[in-house]
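The lines below spell out each chain.
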Amino acid sequence: MRASALLRPLGNSCRLPWGRTWAAPLAPASNLASNHTRTWRRAHGNEPYDESRAITVYFIDRDQRRIEVKAPLGANMLQVAHRNDIDLEGACEGSLACSTCHVYVDDKNFTKLKEPCDDENDMLDLAFGLKENSRLGCQIIATPELDGMELRLPSATRNMAVDGHVPKPH
Amino acid sequence: MQRSMFGLPHARGCFALGGRRTGSEFAGAATAAAAALSRMPASWKSASLRWRAAVCAGAFPNWVSRPLSSEKASARDGHKFKVAVIGSGPAGCYAVAALTKQIPKTQLEVDVLDELPTPFGLVRYGIAPDHQEAKAVVNQFAQSLSQENVRFRGNVKVGVHVSVAELRSMYHAVIAAAGAQSERKIDVPGESLHGVLSARKFVAWYNGHPHFTKLHVPLDHRTTDVVVVGNGNVAIDVARILLKTPEELARSDIAQHAWEKLSQCSVKRVHLVGRRGLAQASWSAKELREIVQKLPNVRVKVNPDEIKLSDVDLEELEMEENRAKKRCTGIVQQAAAEQESAAAEEKRLFEGEQQTVKELHLRFLRTPVLFLPKDDDANSVGWTQFARNHLAGPPGKQRAHITTNMPAGCETIPSTLVLVSVGYKVGTFDGLPVDTASGVIHNVKGRVKNQTGEFLPGLYVTGWMKRGSSGIVGSNRWDAEETIRCVIEDLASAPLDYKAGGAALDSLLDIRGVRLVDFDSWRRIDTRESAAGAAMGKPRQKLTSLEELLHTASTDQHA
Ligand SMILES: Cc1cc2nc3c(=O)[nH]c(=O)nc-3n(C[C@H](O)[C@H](O)[C@H](O)COP(=O)(O)OP(=O)(O)OC[C@H]3O[C@@H](n4cnc5c(N)ncnc54)[C@H](O)[C@@H]3O)c2cc1C
Ligand SMILES: NC(=O)c1ccc[n+]([C@@H]2O[C@H](COP(=O)([O-])OP(=O)(O)OC[C@H]3O[C@@H](n4cnc5c(N)ncnc54)[C@H](OP(=O)(O)O)[C@@H]3O)[C@@H](O)[C@H]2O)c1
Ligand code: FES
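Respectively, the protein sequence lines represent chains A and B. Sequential numbering from 1 applies to the first sequence in UniProt numbering. Sequential numbering from 1 applies to the second sequence in UniProt numbering.
The set of hints was computed from the structure by calculation and includes no laboratory data. There could be a bad hint or two in this list.
What the hints assert, rightly or not - Dumping the calculated DSS-like pairs for lysine-lysine here, alpha-carbon to alpha-carbon at most 27 Å:
hint, chain 1, residue 1, chain 2, residue 2
1, B, 301, B, 326
2, B, 301, B, 358
3, B, 449, A, 131
4, A, 114, B, 294
5, B, 397, B, 157
6, B, 397, A, 131
7, B, 445, A, 112
8, A, 131, B, 301
Owing to the predicted nature of the structure, the values given are computational and were not obtained by experimental measurement.
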C-alpha cells in the first residue's frame, strides 16, 4: 500500500476483501474546482467524472465548520467528503452495509432527494443519532438541482445508549 | 458547553468535558488552554497544530513541550506517548485511528497486540462469510494499522505471553479492546448434551477461527431440525448459513471444513425461537429482510397467534427508538400474510424437487426449559422443550413470564442441533476487573475501575469489552473516540514518566519464545488466502490452523 494511502481512509485504489478493485478518488484535493487536471474516477467503473460539471456542496463538520466543496455530477457524497478530507466514515465503502456515512441534509434539499430504498432505510435504522432529515452520504448522488446543498455530520456527544446499546430487560 | 467529537481537533472539547477526576491544580491551566484554543482559527485543520497550540497554551506539562521544541530529541530520549492496544478488532482499530488523528506521529507510538496471527477480530471471525460488503472496513483498518508509528503484534496473547501489569509498566496507556470472548448462558437442564452449542462457537467454526476448527458440530444426514435460541442478528446469521444452498455458500469465504459439513447435512427446518414477542425481537431490518424475503429456497412459517400485537406492543412500536423494530414487525407480518400463497406458488415451482426447499420457522414467546436426548443416543440432544410465555410490564420494558403449567403445557420441537444465541460476554480476563453480572469490564466512559470503584491509572477499555455485545462495527468508532477522549484528558493532566514501550515488549516476547506476526507478515497470509480464493471463485480461502497461519506469515512468497 502506498504511504499516501495511509493518511486518509480510502486511498487511491484499494482491494476489496473479495478481490475487486475499487477505483476511489485520487489523492486529496482541497479545492477540486481549481484542479481540473486531476482525474476522478467513478466508484464502479473506469470512466472519469466530468469535473467541469460540478455543483457546490457545504459540509458542516463536527466542529461546526462550514466547508465548501465541489461535487462532480454523478459522484456520491461519501466520495466527495473523502476527496476533501472531511471525516465522514464509510466503513462498507458505499455498499449499503454500514450506516457510518450518515449525514443530515438541509430541509430544502432533503425533499428534493429520491425516497430512500428499503435497503437504505434498513441501514438508516441503525444510524447513530437518526433524525427526520437523515440520509446515507454514499447514496446521495450529485445532480444539478442539489447545488448549494448543506450536509451536517452527526456528532458523538450523545450518550452511548443511543448507539445500538439497549439495556437488557432481564 | 460545547462538546466536540474528538479530543484535539477538538482540544476544546477535551478540556471542556466535565467530570475530570484528577489534577485539580491542573484545572486552571486547562481552563486557560481551553480559552486559548477557542481563539484558534478554525482553519487550523491539522491535529498536530492543535496539539501544539494546546501545549503552547500551557495545557500540557513540561514533558510535552520539551520534546516539541526538538522532535528529534524527543525521538532520542524516548519521551513519546506509548500506548498498547489489546485486540485488533473494530474497537482496537478505531482506537488507533482516533489516537493517530490527534497526536502527531513524532510523539506517539502504538503497539496493537492480538492473540491471533490475523487482525480485525470479529470482522474476520464473526461477520458472516456471505456478507463480504460488511468486511470492506478492513481496508480502512489496514491503513490505521500500517501507519509508521503503529505496530501490529499478532500471536501475542495478553494474560499468557505478557500480563496486563507488564504492559502497564512498559506503556503509558493500555487500552483493552479484546472483545467478548465468552457467551451468556441460559441454564437449562440438558445443556451439556452433545449438539447444544453456543452460536458464538458455531460462528467461529464456520468462519475458520483457528481455535474452533476441531469443534464437534453434529451436522449430518440425520440433522433435519435445528433450533436457534434468541431473536438477534447473530441468530439470523447462523440460521441463514444453515438455510443457504451449498452453491450459495461456495461463493463466500466460509471455512472449507464448514462448507463440507454444511453441504452434506440434510437440514430441513430451522426454528428461530425468541422468549419475547415479535415487537421485541432485536434483529435488524436488513438481516431480517434478507432471510425472510431474499432466499429463494426458503419458505417462511409463522404462527399468526404468536405475532398478534397487544396494545402495549403497539404503543411500544410507536416509540421513537423503535423505528427499526416497527419495520421488522412489518416484514414478519407480511411474510405471515403471504405464507399461504407463497406455499402454493412454491409447490408449483418446486413440484418434484422438494429436497431444495427449506423452512424457516419464526417462533415467539417461547423459553427453552429442557433439552432431551435422542431416542437412540442418550448423550446427544434430540428434542427441545419450550414453555409458553406472556409479556408483562410497561411499553419498552415488557418482560417474558412463563405461563405454561409445567411440564404438561410445554411444546417439544425436534432438534439434533441447538444453537444458543443469547449474546456474548467477556468471561474472565487476567488482570482486568470483570463485572460478572453485566459481562463487561468495570469502567466509566472507558476508564477502568477496580471492584472497589477506584480508577486504575493508564488503563482503558473500548468496544464489546466496555459496553457488552451490542452494536455494529461503526458503533465502535464512537465508543473508541469516547475512550480516547479520556486517554488524552488524562495525558494532559499528569507528567509523563519514561516508559520503555515496544522495545521492551519485543525483548520480553523474544525471551519467552513468542513467534511475533507483524503487519507485513499478516499481508503474506492475506495474499496467500486471496490467491487461493481467487482460484476457487471465492473471495478468500481461509487458512484455519495456527501452524499454517504462522508458517505462511514467516515464509516469503517470493523466495
Ligand atoms: C456473529 C457476528 C456477526 C456480526 N456481523 C456484523 C455485521 O454484519 N455488521 C456489523 O456492522 N457488525 C457485525 N457484528 C458486530 C461487530 O462484529 C462488533 O461490533 C465488533 O466486532 C466488536 O469489536 P471489538 O473490537 O470490541 O471486538 P472483537 O471484534 O471481538 O475484537 C477483539 C480482538 O481482541 C483479540 N483478543 C481477545 N483476547 C485477547 C487477548 N487475551 N490478547 C490479545 N488479543 C486478544 C481477539 O483476537 C480479537 O481480534 C457481528 C458480530 C457477531 C458476533
Ligand atoms: N448484520 C449485522 O449488522 C449484525 C450481525 C450480527 C450481529 N450484529 C450485532 O451484534 C450484536 C450482538 O448480536 P446478538 O444477536 O448476539 O445479540 P442481541 O441482539 O442482544 O440478541 C440476543 C437475543 O437473545 C435473547 N436472550 C437473551 N437472554 C436470553 C435468555 N436467557 N433466554 C432466551 N433468550 C435470551 C434476547 O432476547 P431479549 O430481547 O428478550 O433479551 C435476544 O433475542 C448486536 O448488536 C447485533 O446487532 C450485527
Ligand atoms: S458507506 Fe456504508 S452505508 Fe454508506
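Please list, smallest to largest, the hint numbers that this structure does not respect. Violated hints (numbers, rising): 3, 5, 7 and 8; every other hint is consistent with the structure.
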